[in-house]
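First residue of the sequence shown: 13, per the working numbering; consecutive thereafter.
No lab work stands behind these hints: they were computed from the structure.
Ideal placement from N, C-alpha and C gives every residue a C-beta, glycine not left out.
Where hints are given, some of them may not hold.
Using C-beta positions, here's what the derived DEER-type ranges look like [stated by the list, open to error]:
#: 1; residue 1: Phe579; residue 2: Asp400; range: 20 to 30 Å
#: 2; residue 1: Gly552; residue 2: Arg601; range: 42 to 52 Å
#: 3; residue 1: Asn327; residue 2: Gly101; range: 50 to 60 Å
#: 4; residue 1: Lys390; residue 2: Asp303; range: 27 to 37 Å
#: 5; residue 1: Asn327; residue 2: Leu226; range: 46 to 56 Å
#: 6; residue 1: Pro487; residue 2: Asp89; range: 43 to 53 Å
#: 7; residue 1: Glu358; residue 2: Leu72; range: 40 to 50 Å
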Amino acid sequence: MNLTPSKLPIHNHPLFPSSRYVYHHCNGCHVYKENINGGYYCNEPGCYAKFHKECGEAPLEINHSSHPQHPLLLTNDSGESESPCHLCGKNLLPSYYSCLTCQYKVDLICGMKPSPPIVEYPMSHEHPLVFLKKQEENILCELCKESIGGPSYSCLGCNVYFHADCLNLSKEVNHPCHSSHPLKLIASDTLAVDAEKSCLICQEPKVVLYHCSLCNFTSCIRCIKNPPPLVIEHTKTHKHPLTLVLKRISYLCDVCGRGVTTRFYICVQCDFVVHKACIGLPLVVNINRHDHLLSFNYHRGIGYSKCGVCHRSINQYKGAYSCSICPNYAVHFICAFIEWDGKNYEGTTNEIIENIAPYKVVGDNLISHFSHEKHLLKLHKEILIHNDHIRCEACCYSLGFSYFYVCEECWFFLHEKCANLPMKKKMVFDVVPYTLKAVRKTSYCTICSMVCDGFKYTAQGRLDIDVRCGSLYEPFVHKSHIHPLYIKLVTGNCIGCGNVIDNYALICIICENGLCLSCANLPEYIWHKNDVHPLTLCFGCEMTSSNYCCDICEEELDPSKWFYSCFDCGVTLHTQCVIGNFSGLLLGRRANELEVVLNNHNTRPLCSQCHSRCNPLIILKLLHN
(Lines of atoms letter the chains of each structure in order from A and count residues from 1; the text may use other names and numbers.)
(Lines give C-alpha, C1' and ligand atoms only; values in the text may rest on other atoms or scores of the structure.)
Protein backbone atom coordinates (compact mmCIF):
# COMPACT_ATOMS: atom_id res chain seq x y z
CA MET A 1 0.00 0.00 0.00
CA ASN A 2 1.09 3.56 -0.72
CA LEU A 3 2.34 5.17 2.52
CA THR A 4 2.35 8.70 1.08
CA PRO A 5 0.38 11.00 3.41
CA SER A 6 -2.37 13.30 2.16
CA LYS A 7 -3.15 16.74 3.54
CA LEU A 8 -6.92 16.47 3.82
CA PRO A 9 -9.14 19.29 5.16
CA ILE A 10 -10.69 17.00 7.81
CA HIS A 11 -7.54 17.03 10.01
CA ASN A 12 -4.69 19.35 10.96
CA HIS A 13 -1.99 16.71 10.38
CA PRO A 14 -1.26 14.71 7.20
CA LEU A 15 -3.28 11.48 7.01
CA PHE A 16 -2.06 8.10 5.80
CA PRO A 17 -4.29 5.59 3.98
CA SER A 18 -4.82 2.43 6.02
CA SER A 19 -5.53 -1.18 5.08
CA ARG A 20 -6.11 -2.19 8.68
CA TYR A 21 -9.40 -3.41 10.09
CA VAL A 22 -9.82 -1.68 13.47
CA TYR A 23 -12.55 -1.23 16.05
CA HIS A 24 -12.15 2.46 16.80
CA HIS A 25 -13.76 5.85 17.27
CA CYS A 26 -13.95 7.91 14.05
CA ASN A 27 -12.70 11.45 14.66
CA GLY A 28 -14.81 12.76 11.79
CA CYS A 29 -18.38 11.59 12.34
CA HIS A 30 -17.72 10.70 16.02
CA VAL A 31 -19.62 7.42 15.82
CA TYR A 32 -18.34 5.74 18.96
CA LYS A 33 -16.16 2.68 18.30
CA GLU A 34 -17.27 0.75 15.26
CA ASN A 35 -15.51 -1.35 12.66
CA ILE A 36 -13.41 0.81 10.35
CA ASN A 37 -12.21 -1.04 7.24
CA GLY A 38 -9.37 0.87 5.64
CA GLY A 39 -9.86 4.61 6.02
CA TYR A 40 -7.18 7.01 7.20
CA TYR A 41 -5.00 7.42 10.28
CA CYS A 42 -2.83 10.20 11.68
CA ASN A 43 0.85 9.34 12.15
CA GLU A 44 1.67 12.13 14.62
CA PRO A 45 2.75 10.77 18.06
CA GLY A 46 0.01 11.26 20.65
CA CYS A 47 -2.73 12.10 18.13
CA TYR A 48 -4.22 8.64 17.35
CA ALA A 49 -6.90 10.11 15.04
CA LYS A 50 -8.64 7.63 12.73
CA PHE A 51 -11.28 8.26 10.09
CA HIS A 52 -13.68 6.30 7.93
CA LYS A 53 -12.62 6.62 4.29
CA GLU A 54 -15.70 8.70 3.50
CA CYS A 55 -15.17 10.96 6.55
CA GLY A 56 -11.46 11.40 5.81
CA GLU A 57 -12.27 12.52 2.27
CA ALA A 58 -14.98 14.99 3.32
CA PRO A 59 -14.93 17.98 0.93
CA LEU A 60 -13.75 21.37 2.12
CA GLU A 61 -16.95 23.07 0.85
CA ILE A 62 -20.49 21.84 0.25
CA ASN A 63 -23.84 23.25 -0.89
CA HIS A 64 -26.53 22.15 1.53
CA SER A 65 -30.27 21.97 0.92
CA SER A 66 -31.04 23.29 4.41
CA HIS A 67 -29.04 26.45 3.79
CA PRO A 68 -29.10 27.31 0.08
CA GLN A 69 -28.09 30.96 0.61
CA HIS A 70 -24.37 30.28 1.09
CA PRO A 71 -21.91 27.39 0.82
CA LEU A 72 -20.81 25.64 4.02
CA LEU A 73 -17.10 25.27 4.86
CA LEU A 74 -15.49 22.39 6.73
CA THR A 75 -14.33 23.65 10.15
CA ASN A 76 -11.96 21.97 12.60
CA ASP A 77 -12.30 24.55 15.38
CA SER A 78 -13.17 22.98 18.75
CA GLY A 79 -14.36 26.29 20.20
CA GLU A 80 -17.99 25.64 19.18
CA SER A 81 -18.34 22.39 21.13
CA GLU A 82 -21.22 23.79 23.18
CA SER A 83 -23.08 24.95 20.06
CA PRO A 84 -25.71 22.52 18.68
CA CYS A 85 -26.06 21.31 15.11
CA HIS A 86 -28.91 23.23 13.45
CA LEU A 87 -30.32 20.00 11.99
CA CYS A 88 -29.98 17.24 14.58
CA GLY A 89 -29.43 19.29 17.75
CA LYS A 90 -26.29 17.39 18.88
CA ASN A 91 -23.40 19.39 20.30
CA LEU A 92 -20.88 20.11 17.58
CA LEU A 93 -17.51 18.35 17.63
CA PRO A 94 -14.78 19.05 15.11
CA SER A 95 -15.09 18.57 12.23
CA TYR A 96 -18.37 20.23 11.15
CA TYR A 97 -19.69 22.47 8.36
CA SER A 98 -20.49 26.12 9.00
CA CYS A 99 -21.54 29.28 7.17
CA LEU A 100 -19.23 32.14 8.09
CA THR A 101 -21.89 34.70 7.13
CA CYS A 102 -24.91 33.34 9.00
CA GLN A 103 -23.27 31.26 11.75
CA TYR A 104 -25.29 28.28 10.48
CA LYS A 105 -23.65 24.99 11.53
CA VAL A 106 -24.24 21.30 10.91
CA ASP A 107 -22.17 18.31 12.00
CA LEU A 108 -20.30 16.12 9.50
CA ILE A 109 -23.04 13.50 9.12
CA CYS A 110 -25.82 16.07 8.67
CA GLY A 111 -23.61 17.92 6.21
CA MET A 112 -22.81 14.95 3.96
CA LYS A 113 -25.95 12.82 4.61
CA PRO A 114 -28.75 15.14 5.78
CA SER A 115 -31.80 13.43 7.31
CA PRO A 116 -35.09 14.34 5.58
CA PRO A 117 -37.70 15.98 7.86
CA ILE A 118 -40.34 13.34 6.96
CA VAL A 119 -40.00 9.77 5.67
CA GLU A 120 -43.25 8.89 3.90
CA TYR A 121 -42.75 5.18 3.24
CA PRO A 122 -40.25 3.70 5.70
CA MET A 123 -39.48 0.00 5.46
CA SER A 124 -39.59 -0.33 9.24
CA HIS A 125 -43.09 1.08 9.89
CA GLU A 126 -46.47 1.41 8.18
CA HIS A 127 -46.93 5.16 8.90
CA PRO A 128 -44.90 8.24 7.96
CA LEU A 129 -42.13 9.14 10.42
CA VAL A 130 -41.11 12.62 11.55
CA PHE A 131 -37.51 13.67 12.34
CA LEU A 132 -36.98 14.82 15.95
CA LYS A 133 -33.94 16.84 16.99
CA LYS A 134 -34.09 16.14 20.71
CA GLN A 135 -35.07 12.98 22.45
CA GLU A 136 -36.24 12.00 25.90
CA GLU A 137 -34.06 9.75 28.00
CA ASN A 138 -34.51 5.96 28.15
CA ILE A 139 -36.21 5.76 24.74
CA LEU A 140 -35.50 2.56 22.77
CA CYS A 141 -35.43 2.11 19.04
CA GLU A 142 -38.44 0.05 17.96
CA LEU A 143 -36.33 -2.01 15.58
CA CYS A 144 -32.94 -2.68 17.20
CA LYS A 145 -34.17 -2.22 20.82
CA GLU A 146 -31.09 -0.16 21.71
CA SER A 147 -31.15 3.23 23.45
CA ILE A 148 -31.58 6.38 21.37
CA GLY A 149 -29.23 8.99 22.75
CA GLY A 150 -29.75 11.68 20.11
CA PRO A 151 -32.03 12.61 17.22
CA SER A 152 -34.52 10.05 15.96
CA TYR A 153 -37.56 9.44 13.80
CA SER A 154 -40.95 9.00 15.44
CA CYS A 155 -44.44 7.97 14.51
CA LEU A 156 -46.53 10.52 16.40
CA GLY A 157 -49.64 8.34 16.24
CA CYS A 158 -48.05 5.11 17.47
CA ASN A 159 -45.58 6.76 19.87
CA VAL A 160 -42.65 4.66 18.60
CA TYR A 161 -39.12 5.80 17.81
CA PHE A 162 -36.37 4.71 15.42
CA HIS A 163 -32.70 5.41 14.90
CA ALA A 164 -32.16 7.19 11.59
CA ASP A 165 -29.92 4.29 10.50
CA CYS A 166 -32.63 1.74 11.30
CA LEU A 167 -35.37 3.24 9.11
CA ASN A 168 -34.63 1.37 5.93
CA LEU A 169 -33.50 -1.94 7.35
CA SER A 170 -35.20 -4.85 5.71
CA LYS A 171 -36.70 -7.79 7.58
CA GLU A 172 -34.55 -10.01 5.34
CA VAL A 173 -31.16 -9.27 3.78
CA ASN A 174 -28.46 -10.92 1.70
CA HIS A 175 -25.09 -10.52 3.34
CA PRO A 176 -21.76 -10.86 1.48
CA CYS A 177 -20.28 -12.84 4.39
CA HIS A 178 -23.09 -15.40 4.10
CA SER A 179 -24.21 -15.51 0.50
CA SER A 180 -25.74 -19.00 0.56
CA HIS A 181 -28.96 -17.99 2.38
CA PRO A 182 -30.77 -14.77 3.31
CA LEU A 183 -30.61 -13.54 6.92
CA LYS A 184 -33.77 -12.73 8.82
CA LEU A 185 -34.16 -10.03 11.45
CA ILE A 186 -35.16 -11.60 14.78
CA ALA A 187 -34.90 -10.96 18.52
CA SER A 188 -31.99 -12.81 20.13
CA ASP A 189 -34.19 -14.18 22.94
CA THR A 190 -36.22 -16.14 20.35
CA LEU A 191 -33.16 -18.10 19.22
CA ALA A 192 -32.58 -21.66 20.40
CA VAL A 193 -30.29 -22.28 23.34
CA ASP A 194 -27.42 -23.55 21.19
CA ALA A 195 -27.80 -20.85 18.52
CA GLU A 196 -25.23 -18.12 17.89
CA LYS A 197 -26.58 -15.17 19.88
CA SER A 198 -23.55 -12.94 19.32
CA CYS A 199 -22.48 -11.45 16.03
CA LEU A 200 -19.91 -13.71 14.36
CA ILE A 201 -18.19 -10.67 12.85
CA CYS A 202 -17.77 -8.31 15.83
CA GLN A 203 -18.63 -10.91 18.54
CA GLU A 204 -20.89 -8.46 20.38
CA PRO A 205 -24.21 -9.67 21.84
CA LYS A 206 -27.25 -7.75 20.60
CA VAL A 207 -30.96 -7.73 21.43
CA VAL A 208 -31.91 -7.86 17.73
CA LEU A 209 -29.85 -9.78 15.15
CA TYR A 210 -29.88 -11.05 11.59
CA HIS A 211 -29.80 -14.84 11.64
CA CYS A 212 -29.70 -17.82 9.30
CA SER A 213 -31.38 -20.77 11.01
CA LEU A 214 -30.00 -23.26 8.47
CA CYS A 215 -26.34 -22.41 9.05
CA ASN A 216 -26.55 -20.85 12.53
CA PHE A 217 -24.93 -17.69 11.13
CA THR A 218 -25.57 -14.46 13.05
CA SER A 219 -24.71 -10.84 12.30
CA CYS A 220 -25.59 -7.63 14.13
CA ILE A 221 -27.22 -4.67 12.37
CA ARG A 222 -24.01 -2.63 12.40
CA CYS A 223 -22.02 -5.35 10.64
CA ILE A 224 -24.82 -5.75 8.10
CA LYS A 225 -24.38 -2.10 7.15
CA ASN A 226 -20.57 -2.21 7.37
CA PRO A 227 -19.37 -5.71 6.42
CA PRO A 228 -15.67 -6.63 6.38
CA PRO A 229 -14.01 -7.31 3.02
CA LEU A 230 -14.14 -10.94 1.91
CA VAL A 231 -10.62 -10.83 0.43
CA ILE A 232 -7.71 -8.58 1.40
CA GLU A 233 -4.54 -8.16 -0.62
CA HIS A 234 -1.75 -6.68 1.48
CA THR A 235 1.66 -7.89 0.37
CA LYS A 236 3.47 -6.49 3.44
CA THR A 237 1.37 -8.78 5.61
CA HIS A 238 1.39 -11.76 3.25
CA LYS A 239 2.38 -12.35 -0.39
CA HIS A 240 -0.93 -14.04 -1.30
CA PRO A 241 -4.55 -12.82 -1.05
CA LEU A 242 -6.18 -13.45 2.34
CA THR A 243 -9.74 -14.81 2.59
CA LEU A 244 -12.15 -14.10 5.44
CA VAL A 245 -13.24 -17.04 7.63
CA LEU A 246 -16.12 -16.61 10.08
CA LYS A 247 -16.51 -20.17 11.35
CA ARG A 248 -15.53 -20.96 14.93
CA ILE A 249 -12.24 -22.79 14.39
CA SER A 250 -9.26 -22.67 16.74
CA TYR A 251 -5.96 -21.44 15.28
CA LEU A 252 -2.94 -19.43 16.33
CA CYS A 253 -2.42 -16.14 14.51
CA ASP A 254 0.87 -16.28 12.59
CA VAL A 255 1.47 -12.57 13.28
CA CYS A 256 0.77 -12.01 16.98
CA GLY A 257 0.78 -15.63 18.20
CA ARG A 258 -2.55 -15.31 20.03
CA GLY A 259 -5.44 -17.75 19.67
CA VAL A 260 -8.00 -17.26 16.90
CA THR A 261 -11.52 -18.68 17.11
CA THR A 262 -13.40 -16.58 14.53
CA ARG A 263 -13.10 -13.43 12.40
CA PHE A 264 -9.75 -14.29 10.84
CA TYR A 265 -8.21 -14.33 7.40
CA ILE A 266 -6.43 -17.28 5.90
CA CYS A 267 -4.22 -17.88 2.88
CA VAL A 268 -5.63 -20.95 1.13
CA GLN A 269 -2.30 -21.56 -0.58
CA CYS A 270 -0.02 -21.82 2.45
CA ASP A 271 -2.28 -21.95 5.55
CA PHE A 272 -1.16 -18.54 6.79
CA VAL A 273 -3.68 -17.40 9.45
CA VAL A 274 -4.02 -13.85 10.73
CA HIS A 275 -6.43 -11.80 12.85
CA LYS A 276 -8.11 -9.13 10.78
CA ALA A 277 -6.70 -6.51 13.21
CA CYS A 278 -3.17 -7.80 12.53
CA ILE A 279 -3.35 -7.05 8.80
CA GLY A 280 -1.51 -3.89 7.80
CA LEU A 281 0.19 -3.34 11.15
CA PRO A 282 3.15 -0.92 11.15
CA LEU A 283 6.41 -2.66 10.32
CA VAL A 284 8.65 -0.21 12.21
CA VAL A 285 7.58 1.25 15.58
CA ASN A 286 8.94 3.29 18.46
CA ILE A 287 8.08 2.21 22.00
CA ASN A 288 8.73 4.13 25.19
CA ARG A 289 10.83 1.39 26.86
CA HIS A 290 13.57 1.26 24.25
CA ASP A 291 15.85 3.89 22.72
CA HIS A 292 15.86 2.50 19.16
CA LEU A 293 13.26 1.68 16.53
CA LEU A 294 11.89 -1.87 16.42
CA SER A 295 11.17 -3.76 13.20
CA PHE A 296 8.58 -6.51 12.78
CA ASN A 297 9.52 -9.99 11.58
CA TYR A 298 7.02 -12.81 11.03
CA HIS A 299 9.51 -15.48 12.08
CA ARG A 300 11.70 -14.20 14.89
CA GLY A 301 14.00 -17.20 15.08
CA ILE A 302 16.26 -18.28 17.96
CA GLY A 303 18.13 -15.91 20.27
CA TYR A 304 15.16 -13.82 21.43
CA SER A 305 14.04 -15.62 24.57
CA LYS A 306 12.40 -12.85 26.64
CA CYS A 307 10.14 -9.95 25.74
CA GLY A 308 11.61 -6.55 26.61
CA VAL A 309 8.27 -5.32 28.00
CA CYS A 310 6.56 -8.22 29.84
CA HIS A 311 9.78 -10.29 30.19
CA ARG A 312 8.02 -13.52 29.28
CA SER A 313 9.04 -15.99 26.60
CA ILE A 314 8.82 -15.15 22.90
CA ASN A 315 7.76 -17.88 20.46
CA GLN A 316 10.46 -18.07 17.81
CA TYR A 317 7.91 -19.24 15.22
CA LYS A 318 5.58 -16.24 15.66
CA GLY A 319 6.02 -12.58 14.84
CA ALA A 320 7.67 -10.04 17.13
CA TYR A 321 9.36 -6.64 17.00
CA SER A 322 13.14 -6.61 17.41
CA CYS A 323 15.95 -4.06 17.52
CA SER A 324 18.62 -4.11 14.83
CA ILE A 325 21.10 -2.33 17.12
CA CYS A 326 20.67 -4.14 20.46
CA PRO A 327 21.38 -7.89 20.18
CA ASN A 328 18.59 -10.20 21.36
CA TYR A 329 16.16 -7.38 22.20
CA ALA A 330 12.61 -8.13 21.04
CA VAL A 331 9.05 -7.57 22.25
CA HIS A 332 5.77 -9.34 21.66
CA PHE A 333 3.40 -7.87 19.10
CA ILE A 334 0.82 -7.04 21.81
CA CYS A 335 3.42 -5.63 24.22
CA ALA A 336 4.78 -3.33 21.53
CA PHE A 337 1.37 -1.79 20.96
CA ILE A 338 0.83 -1.20 24.67
CA GLU A 339 3.99 0.96 24.66
CA TRP A 340 3.62 2.32 21.09
CA ASP A 341 3.59 6.06 20.32
CA GLY A 342 1.04 5.55 17.51
CA LYS A 343 3.37 6.34 14.61
CA ASN A 344 4.65 4.18 11.76
CA TYR A 345 8.39 4.82 11.33
CA GLU A 346 8.84 2.77 8.16
CA GLY A 347 11.43 4.44 5.92
CA THR A 348 12.86 6.68 8.68
CA THR A 349 16.26 6.67 10.39
CA ASN A 350 16.84 5.04 13.77
CA GLU A 351 17.63 8.31 15.55
CA ILE A 352 14.46 9.13 17.53
CA ILE A 353 15.93 11.32 20.26
CA GLU A 354 18.46 14.01 19.48
CA ASN A 355 21.62 13.42 21.52
CA ILE A 356 22.28 16.80 23.19
CA ALA A 357 25.02 17.00 25.82
CA PRO A 358 23.96 18.76 29.06
CA TYR A 359 27.35 20.52 29.33
CA LYS A 360 30.53 21.47 27.51
CA VAL A 361 33.94 20.44 28.82
CA VAL A 362 36.07 23.59 29.01
CA GLY A 363 39.05 22.34 31.01
CA ASP A 364 40.41 19.78 33.42
CA ASN A 365 37.38 18.90 35.63
CA LEU A 366 35.66 22.10 34.45
CA ILE A 367 32.34 22.21 32.61
CA SER A 368 29.81 24.76 31.42
CA HIS A 369 26.42 23.26 32.35
CA PHE A 370 23.18 24.34 30.64
CA SER A 371 21.55 25.01 34.02
CA HIS A 372 24.28 27.43 35.18
CA GLU A 373 25.90 28.95 32.11
CA LYS A 374 27.03 32.18 33.78
CA HIS A 375 29.84 30.40 35.69
CA LEU A 376 31.88 27.25 35.30
CA LEU A 377 31.37 24.19 37.50
CA LYS A 378 34.31 22.28 38.97
CA LEU A 379 34.27 18.54 39.73
CA HIS A 380 35.25 17.48 43.26
CA LYS A 381 36.10 13.84 44.01
CA GLU A 382 38.14 14.06 47.22
CA ILE A 383 35.83 16.11 49.42
CA LEU A 384 32.76 14.79 51.23
CA ILE A 385 30.23 17.41 52.30
CA HIS A 386 27.53 16.55 54.81
CA ASN A 387 26.21 20.02 55.50
CA ASP A 388 22.41 19.96 55.66
CA HIS A 389 22.25 23.40 54.01
CA ILE A 390 24.07 22.23 50.87
CA ARG A 391 21.97 20.27 48.40
CA CYS A 392 22.03 19.27 44.75
CA GLU A 393 20.07 21.76 42.62
CA ALA A 394 18.77 18.96 40.37
CA CYS A 395 17.49 16.23 42.72
CA CYS A 396 17.44 18.34 45.95
CA TYR A 397 19.11 15.58 47.98
CA SER A 398 22.15 16.33 50.11
CA LEU A 399 25.50 15.72 48.44
CA GLY A 400 26.10 12.65 50.59
CA PHE A 401 28.93 10.42 49.43
CA SER A 402 28.84 11.24 45.72
CA TYR A 403 31.21 13.20 43.51
CA PHE A 404 29.81 16.63 42.76
CA TYR A 405 30.23 19.77 40.68
CA VAL A 406 30.26 23.19 42.32
CA CYS A 407 30.23 26.80 41.18
CA GLU A 408 32.75 28.38 43.54
CA GLU A 409 31.33 31.86 42.96
CA CYS A 410 27.66 31.28 43.91
CA TRP A 411 27.78 27.82 45.56
CA PHE A 412 25.65 26.07 42.99
CA PHE A 413 25.97 22.28 43.47
CA LEU A 414 25.18 19.30 41.25
CA HIS A 415 25.83 15.61 41.84
CA GLU A 416 28.06 14.25 39.09
CA LYS A 417 25.23 11.85 38.19
CA CYS A 418 22.72 14.72 37.98
CA ALA A 419 25.10 16.83 35.88
CA ASN A 420 25.18 14.00 33.32
CA LEU A 421 21.40 13.57 33.03
CA PRO A 422 20.43 13.44 29.32
CA MET A 423 18.71 16.51 27.87
CA LYS A 424 16.28 14.35 25.88
CA LYS A 425 14.88 11.13 27.26
CA LYS A 426 12.23 8.54 26.57
CA MET A 427 10.11 7.73 29.61
CA VAL A 428 8.43 4.47 30.54
CA PHE A 429 5.53 6.60 31.77
CA ASP A 430 4.63 8.19 28.42
CA VAL A 431 4.96 7.75 24.66
CA VAL A 432 6.58 11.09 23.75
CA PRO A 433 10.20 12.20 24.37
CA TYR A 434 10.82 14.46 27.39
CA THR A 435 13.21 17.39 27.78
CA LEU A 436 15.23 18.21 30.90
CA LYS A 437 14.41 21.67 32.29
CA ALA A 438 16.30 23.49 35.05
CA VAL A 439 13.09 25.07 36.33
CA ARG A 440 12.93 27.13 39.49
CA LYS A 441 9.33 26.38 40.34
CA THR A 442 7.85 24.24 43.10
CA SER A 443 5.51 21.58 41.70
CA TYR A 444 4.33 18.02 42.24
CA CYS A 445 5.87 15.15 40.35
CA THR A 446 3.02 13.49 38.45
CA ILE A 447 4.48 10.02 38.99
CA CYS A 448 5.43 9.91 42.70
CA SER A 449 3.30 12.89 43.90
CA MET A 450 6.27 14.34 45.80
CA VAL A 451 6.69 18.12 45.84
CA CYS A 452 9.98 19.18 44.28
CA ASP A 453 12.02 22.32 43.49
CA GLY A 454 14.65 20.61 41.38
CA PHE A 455 15.05 19.87 37.69
CA LYS A 456 12.11 18.37 35.80
CA TYR A 457 11.57 16.32 32.71
CA THR A 458 8.72 17.92 30.78
CA ALA A 459 6.90 17.68 27.45
CA GLN A 460 4.38 20.18 26.15
CA GLY A 461 0.92 19.37 27.41
CA ARG A 462 2.12 16.19 29.17
CA LEU A 463 3.42 15.24 32.62
CA ASP A 464 5.89 16.94 34.97
CA ILE A 465 8.39 14.34 36.17
CA ASP A 466 11.12 15.15 38.68
CA VAL A 467 14.62 13.90 37.95
CA ARG A 468 14.43 11.33 40.71
CA CYS A 469 11.67 9.42 38.88
CA GLY A 470 12.94 10.49 35.47
CA SER A 471 16.35 8.90 36.02
CA LEU A 472 15.01 5.45 36.96
CA TYR A 473 16.06 2.75 34.53
CA GLU A 474 15.22 -0.83 33.59
CA PRO A 475 16.15 -3.38 34.71
CA PHE A 476 16.45 -1.66 38.09
CA VAL A 477 18.87 -3.41 40.44
CA HIS A 478 18.31 -2.73 44.13
CA LYS A 479 20.09 -4.23 47.12
CA SER A 480 16.75 -4.96 48.79
CA HIS A 481 15.86 -7.64 46.24
CA ILE A 482 17.72 -10.45 44.51
CA HIS A 483 15.87 -10.09 41.19
CA PRO A 484 15.80 -7.14 38.77
CA LEU A 485 12.80 -4.81 38.97
CA TYR A 486 10.74 -3.30 36.16
CA ILE A 487 8.52 -0.21 36.03
CA LYS A 488 4.83 -1.08 35.72
CA LEU A 489 1.46 0.44 36.51
CA VAL A 490 0.16 -1.63 39.42
CA THR A 491 -2.01 -1.75 42.52
CA GLY A 492 -0.59 -3.33 45.68
CA ASN A 493 1.60 -2.66 48.72
CA CYS A 494 5.17 -1.41 48.76
CA ILE A 495 7.73 -3.79 50.30
CA GLY A 496 9.68 -0.80 51.60
CA CYS A 497 7.13 1.39 53.39
CA GLY A 498 4.04 -0.84 53.33
CA ASN A 499 1.90 1.91 51.78
CA VAL A 500 -0.67 1.18 49.07
CA ILE A 501 0.60 1.61 45.50
CA ASP A 502 -1.90 2.75 42.90
CA ASN A 503 0.45 4.14 40.30
CA TYR A 504 3.74 3.24 38.66
CA ALA A 505 6.06 1.10 40.75
CA LEU A 506 9.10 -1.14 40.39
CA ILE A 507 7.92 -4.75 40.21
CA CYS A 508 9.68 -8.09 40.40
CA ILE A 509 8.09 -10.29 37.74
CA ILE A 510 9.27 -13.43 39.59
CA CYS A 511 8.17 -12.64 43.16
CA GLU A 512 5.55 -10.02 42.16
CA ASN A 513 6.85 -7.74 44.92
CA GLY A 514 6.32 -4.02 44.40
CA LEU A 515 8.52 -1.09 45.37
CA CYS A 516 7.06 2.42 45.24
CA LEU A 517 9.13 5.06 43.46
CA SER A 518 9.65 7.07 46.65
CA CYS A 519 11.33 4.10 48.33
CA ALA A 520 13.28 3.29 45.18
CA ASN A 521 14.77 6.80 45.29
CA LEU A 522 15.82 6.68 48.95
CA PRO A 523 19.61 7.19 49.30
CA GLU A 524 21.43 4.14 50.59
CA TYR A 525 23.65 6.29 52.82
CA ILE A 526 22.76 9.64 54.30
CA TRP A 527 24.09 12.12 56.87
CA HIS A 528 21.75 13.33 59.60
CA LYS A 529 22.14 15.81 62.43
CA ASN A 530 21.17 13.16 65.03
CA ASP A 531 24.34 11.18 64.44
CA VAL A 532 27.99 11.92 63.74
CA HIS A 533 28.22 8.79 61.55
CA PRO A 534 26.50 8.15 58.22
CA LEU A 535 23.16 6.34 58.36
CA THR A 536 22.57 3.22 56.30
CA LEU A 537 19.25 2.24 54.75
CA CYS A 538 18.13 -1.12 56.18
CA PHE A 539 15.72 -3.22 54.17
CA GLY A 540 13.73 -4.72 57.03
CA CYS A 541 14.56 -7.56 59.39
CA GLU A 542 11.23 -9.28 59.78
CA MET A 543 12.53 -12.31 61.72
CA THR A 544 14.27 -10.39 64.49
CA SER A 545 12.85 -10.36 68.02
CA SER A 546 14.51 -7.06 68.97
CA ASN A 547 12.40 -4.04 69.85
CA TYR A 548 13.15 -0.99 67.75
CA CYS A 549 12.40 2.62 68.57
CA CYS A 550 12.94 5.67 66.35
CA ASP A 551 15.47 8.06 67.91
CA ILE A 552 13.76 11.08 66.36
CA CYS A 553 10.05 10.64 67.12
CA GLU A 554 10.67 8.13 69.93
CA GLU A 555 7.85 5.94 68.67
CA GLU A 556 7.98 2.22 67.91
CA LEU A 557 9.62 1.25 64.63
CA ASP A 558 8.33 -1.68 62.57
CA PRO A 559 11.46 -3.69 61.66
CA SER A 560 9.69 -5.33 58.70
CA LYS A 561 9.67 -1.93 56.98
CA TRP A 562 12.69 -0.03 55.76
CA PHE A 563 14.49 2.23 58.22
CA TYR A 564 17.80 4.04 58.67
CA SER A 565 20.36 2.87 61.19
CA CYS A 566 23.84 3.75 62.41
CA PHE A 567 25.90 0.59 62.77
CA ASP A 568 28.39 2.37 65.06
CA CYS A 569 25.89 3.85 67.55
CA GLY A 570 23.00 1.43 67.05
CA VAL A 571 20.39 4.18 66.53
CA THR A 572 17.37 3.45 64.34
CA LEU A 573 15.17 6.00 62.61
CA HIS A 574 12.02 5.94 60.47
CA THR A 575 12.78 6.79 56.85
CA GLN A 576 9.98 9.35 57.01
CA CYS A 577 11.54 11.04 60.05
CA VAL A 578 14.88 11.27 58.22
CA ILE A 579 13.63 12.27 54.77
CA GLY A 580 10.19 13.84 55.38
CA ASN A 581 7.66 15.12 52.85
CA PHE A 582 9.72 18.17 51.84
CA SER A 583 13.06 16.61 50.95
CA GLY A 584 12.51 17.74 47.38
CA LEU A 585 12.53 21.42 48.36
CA LEU A 586 15.62 23.58 48.44
CA LEU A 587 16.38 25.55 51.60
CA GLY A 588 15.54 29.23 51.53
CA ARG A 589 12.86 28.95 48.81
CA ARG A 590 9.77 31.06 49.46
CA ALA A 591 6.30 30.56 48.01
CA ASN A 592 2.78 31.47 49.16
CA GLU A 593 4.06 32.99 52.45
CA LEU A 594 6.01 29.82 53.24
CA GLU A 595 9.76 29.39 53.55
CA VAL A 596 11.72 26.12 53.37
CA VAL A 597 13.90 25.88 56.51
CA LEU A 598 15.87 23.33 58.49
CA ASN A 599 14.28 21.80 61.56
CA ASN A 600 17.45 22.37 63.61
CA HIS A 601 16.20 24.05 66.77
CA ASN A 602 16.74 22.58 70.21
CA THR A 603 12.96 22.23 70.62
CA ARG A 604 11.03 20.77 67.73
CA PRO A 605 8.36 23.25 66.54
CA LEU A 606 4.65 22.47 66.76
CA CYS A 607 2.97 21.91 63.39
CA SER A 608 0.02 24.27 62.83
CA GLN A 609 -1.80 21.63 60.75
CA CYS A 610 -1.52 18.31 62.62
CA HIS A 611 -0.55 19.89 66.00
CA SER A 612 2.30 17.39 66.45
CA ARG A 613 5.99 18.09 66.95
CA CYS A 614 7.83 18.33 63.60
CA ASN A 615 10.29 15.46 63.15
CA PRO A 616 11.75 15.64 59.58
CA LEU A 617 14.88 17.63 58.86
CA ILE A 618 13.16 20.02 56.42
CA ILE A 619 9.94 21.86 57.26
CA LEU A 620 7.90 24.82 55.99
CA LYS A 621 7.85 28.00 58.04
CA LEU A 622 4.91 30.40 57.82
CA LEU A 623 6.07 33.95 57.12
CA HIS A 624 4.11 36.50 59.14
CA ASN A 625 3.60 40.03 57.81
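* **Violations among the numbered hints** => Of the numbered hints, 2, 5, 7 do not hold.
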